[in-house]
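2 protein chains.
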Amino acid sequence: MGAAPMAYVLYNEFMRHNPKNPAYFNRDRFVLSAGHGSMLQYSLMHLTGYESVSLDDCKQFRQWKSKTPGHPENFETKGIEVTTGPLGQGISNAVGLAAAEAHLAARFNKPGEEPIVDHYTYCILGDGCNMEGISNEAASMAGHWGLGKLIALYDDNKISIDGHTDISFTEDVSARFEALGWHVQHVKDGNTDLNSIRKAIEQAKAVTDKPSFIKVSTLIGYGSPNKADSHDVHGAPLGKDETLATRENLKWPYGDFEVPKEAYEIFGNAQKQGAAAQAEWDKACSAYSKKYPEEYKEFKQLLSGELPAGWADALPSFTPEDKGLATRLHSQTMLNALAGVLPGFLGGSADLAPSNMTLMKAYGDFQKGQYQERNLRFGVREHAMGAICNGIALHTSGLIPYCATFFIFTDYMRAAIRMSALSEAGVIYVMTHDSIGLGEDGPTHQPIEHLASFRAMPNILMMRPGDGNETAGCYKVAVENTKGINAEKRVRPSVLALSRQGMPNLPGTSKEGAAKGGYIVHGGDAKPDVIILATGSELSMGVDAAKALEKEGKKARVVSMVCWELFDEQSDSYKESVLPSDVEARVSVEAGSTFGWIKYTGTKGANIGVDHFGASAPAPTLYKEFGITTDAVVEAAKKLMA
Amino acid sequence: MGAAPMAYVLYNEFMRHNPKNPAYFNRDRFVLSAGHGSMLQYSLMHLTGYESVSLDDCKQFRQWKSKTPGHPENFETKGIEVTTGPLGQGISNAVGLAAAEAHLAARFNKPGEEPIVDHYTYCILGDGCNMEGISNEAASMAGHWGLGKLIALYDDNKISIDGHTDISFTEDVSARFEALGWHVQHVKDGNTDLNSIRKAIEQAKAVTDKPSFIKVSTLIGYGSPNKADSHDVHGAPLGKDETLATRENLKWPYGDFEVPKEAYEIFGNAQKQGAAAQAEWDKACSAYSKKYPEEYKEFKQLLSGELPAGWADALPSFTPEDKGLATRLHSQTMLNALAGVLPGFLGGSADLAPSNMTLMKAYGDFQKGQYQERNLRFGVREHAMGAICNGIALHTSGLIPYCATFFIFTDYMRAAIRMSALSEAGVIYVMTHDSIGLGEDGPTHQPIEHLASFRAMPNILMMRPGDGNETAGCYKVAVENTKGINAEKRVRPSVLALSRQGMPNLPGTSKEGAAKGGYIVHGGDAKPDVIILATGSELSMGVDAAKALEKEGKKARVVSMVCWELFDEQSDSYKESVLPSDVEARVSVEAGSTFGWIKYTGTKGANIGVDHFGASAPAPTLYKEFGITTDAVVEAAKKLMA
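Here the protein sequences come in this chain order: B and H. With the first letter of the first sequence counted as 1, position 82 gets the number 82 in our numbering; the numbers rise by one all the way through. Every position in the second sequence, counted from 1, becomes a number in our numbering once 642 is added.
By construction, these hints were calculated from the structure, which means they are not laboratory data. There's no promise every hint is true.
Straight-line C-alpha distance at most 27 Å; calculated DSSO-like pairs for lysine-lysine [what the hints assert, rightly or not]:
(1) H/K1246 <-> B/K527
(2) H/K1280 <-> B/K599
(3) H/K1217 <-> B/K599
(4) B/K283 <-> B/K297
(5) H/K1246 <-> B/K489
Let the sequences and hints guide you as you build the complete structure.
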């Protein structure tokens, strides 16, 4: 209720959006970063005429299958841009939306012509968002990039769940945003002074080289005579008596869910303006398409999200004669190959580009004054990086952002990665240094439980390729899944775990195999005596072990389990052909936690891995000391066959 | 090398520490938040006379079993306070160390007497630390708390791995710290102007009501004629030629690992000062102990880390007649019980105290001017909260910090939780709203994969109690494990997953059972036809299902798997007695990902859980729609027995 005036001004007066066509591309983007206030957004959407939110939907607030869940969800309700609720994600998504706009505007708009990409990104955020570290990272990034069309309104109500912000939040937020390079204003009475809100937004729009931060001082629960300015109204309903008292206080003589005709009339403004804006944009596009047919074709493709025909041919294949490399180097090859064929491919690293191998050589850095470039320099801001990429992915379906850091630092950005999975943002996470194989940096940098932790996460593909072909195959699947190609047609993000250390290109690997998630790399001809399951840098170890066993007269099969989620989706007959159920002698080997592997090896199998923290030493030493060796695999296999 | 001058001034002149006794309690704490510069700290420790770091240790840098791992590790090297490397953790730990000092000083020092708790916390941090969101959260917290004895030196070398910070980090860091409530200074030439460094530290010490931030401008790789001021020296050695050139440039005529006698003499200062400081402190303690014997007894107990005799008796037991409650409410009972018997128990929530139920009623809020209090108000800063608690736990072994948020938001603080596990910081994580059972807030707030993700993490206990007795048992185990009671004597942190919704107190539960990690709650008399494994809010569902099966003449056993790690540590015979291997009909039920459960149910068992994202609706609706019901358990059990 405290944020209602600023939201009203935005939705009905400033925002260019078309309630009758929420997908209208050139709309201003709005993000309610304080997602627990979702009903405010649903109300405004209903009043301005979004068909996705009827009055009945409002009555079904937070109920099963309703279009009005507890927090705004882009995949549930048309007209919601991104999913918010976990604090700080929304403002960081907004930075991504604004970056996407800046990028497309710089690429496609032509001097002297009507722009075809030209919109603002508005965001309302609260105290909670501003306390979260992710929002500082994102705001620092936005300030660095100088995203002038990003306008954030800070609902400064001084109340959070624990009570008054005095008890934990006394910093000078406005001064901090100034230090981060933002243009900062203050509206002192956000409850009644709509004109000051209007003026501040106008001024924010006039500042084109910096993002704008407008602190709007409000009373939480404004209008409620007994509960305003208290944490009793933070995320909890007023109750019947107080609702009546509030209506009386605000001189609002209407009943529950009773919307007077005048209200709809006033809000009708948004529809009129929206329809006109869309008509103008259609006209601009039409003119553009005639003058710049090539560019327009690419633009349309980005908007449609369709992948260009034959794009996947750019991904190379490898033979055992090709030099063995670390999969992070193969990844570099793939990123650069995709850069040439996917017009919406862009991304970067959290200050580890030379280690993650993520630079696209054909492009420069996305920076103030050169937003058309495609290498993003995120600095050491993993969490914001993920959330910014979510914003980019959800801005335009043809934009395919990737982002990179060491695999261990997914811990810094896990909440954003989960939001990719939940909100169907097609982000590709390029995670190098994927195990104890990184060596000397030691246990603070060595992932152990991370593969398991992502395998357990819904709607995300956790991939760990074992050579060049598999890296190519993983990228193919990752790109395809940004378009929703699975049975449920849900967009899925992917996490690629890539090695620091080199490994050979194996005879039996293939892109097609990798795309199945699990497949036979060695020993597919006959029924095996033992099955060795491996991923990534341990795949060649599995093959070596199989060869050693064959010398002793045993038939050993090696299965690459590059992506469990994909393998589980294969037909039962395929799965049975790869892992025949009557072969119980099974050994898994992976330089990470063994947690979960029993699913494939059975309780009678053996699991070789690392179930403790790593150590600082050269990688070969660690492998030996921790017992991740060819000998150990051979040993375990023989024991099972005995 | 750029940070060497400031570190030299700190270690040899300012810091009160006793190299011959690194455990000297009243020492100043030092944290190298830019942990990749570990060799700088090792060198200084060696030169000032720490026996834990010999010249040979320095030669074994980053090698197997060496005392000089890639990043500073408190559990590996005596004299290292906390483990750093993941950026931003160190400065946040430092806030915790300073908070612990403030707390103990306020509790134990007496007006007019020589203080027995009185030290500074120094921290060196770099650009990377300052880009991370966690450091902004922690700095905001430190500013709010006004921790005057925290002094941070910012090694402003303008270089990170990607190159010059110009490409991603152009905010005004000093202005930001000012906005966060810090006292800010700038040393313009940190390479040669040691006097300015000294003066700035003196001034920082003189400001007692604010933490101090000293920006020290340096050249990375200072002294290296060809590589200084480039990212080539960031985490990579100079190489042989450049090392020689650097020595020549710095007029340093010594060979590899050759330390001239004069150097040791100069650094001998630290030992002299340290021994004198310790002698003084011993004297002060002795005087204190005579005047305040009761207080001194408590103080010594905190320092020793011993738990007071009989402390666990404070944890209540429950019978089925006791009202069923949400485990978050039982948790509140336990926290308040422990508050009365554990002198070092303190903690709080990330702005969710009224939801997490974490307030200790006997105490007020830890705030500026009342540091003796024990309720910590972290604001919405989960990541810093975890790292601050790590600092508190590692400051004094008798301090037992707990911290709380919704279980889902462990995603925001996972890197800090992992550091608890790795660095053996005995923190208790109180995580409520542990499943879809939280209902209407929807999928952004409903944990799915989180239990699995912590079960896969090394050296941490993931617990999910199913009623009052189990909650009590879990707290007992959690507290004990902050003291290293397991076979390896490693301190282990714990994560408690607690429900929002109520559940009955069951007849068969016990603290002792919970402490075993898995035990029979129902049907222990005879060999069962089927075993139902459950945790938390699904435990009573398991019992209901067992009773239904018994009505149909089947013998059903219910096993509470409250903590997998503890169960796995039991003897084989105990495990066999709970889960007889010849009973293959096994059903697990848990309102979370089924990932990993096959370990206990076998591949032929059934796993009932939630392997997709949740939804916004009342909890009973979600349980029904997602098939987590008594009927579903009965059904699955019957199918397995058929």
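Structure-based check of all given hints:
1. H/K1246 <-> B/K527: holds (23 Å)
2. H/K1280 <-> B/K599: Since the Cα atoms of H/K1280 and B/K599 sit roughly 22 Å apart, the hinted pair holds (cutoff 27 Å).
3. H/K1217 <-> B/K599: At roughly 20 Å apart (the allowed maximum being 27 Å), B/K599 and H/K1217 satisfy the hint.
4. B/K283 <-> B/K297: holds (16 Å)
5. H/K1246 <-> B/K489: Status violated; Cα separation ~31 Å.
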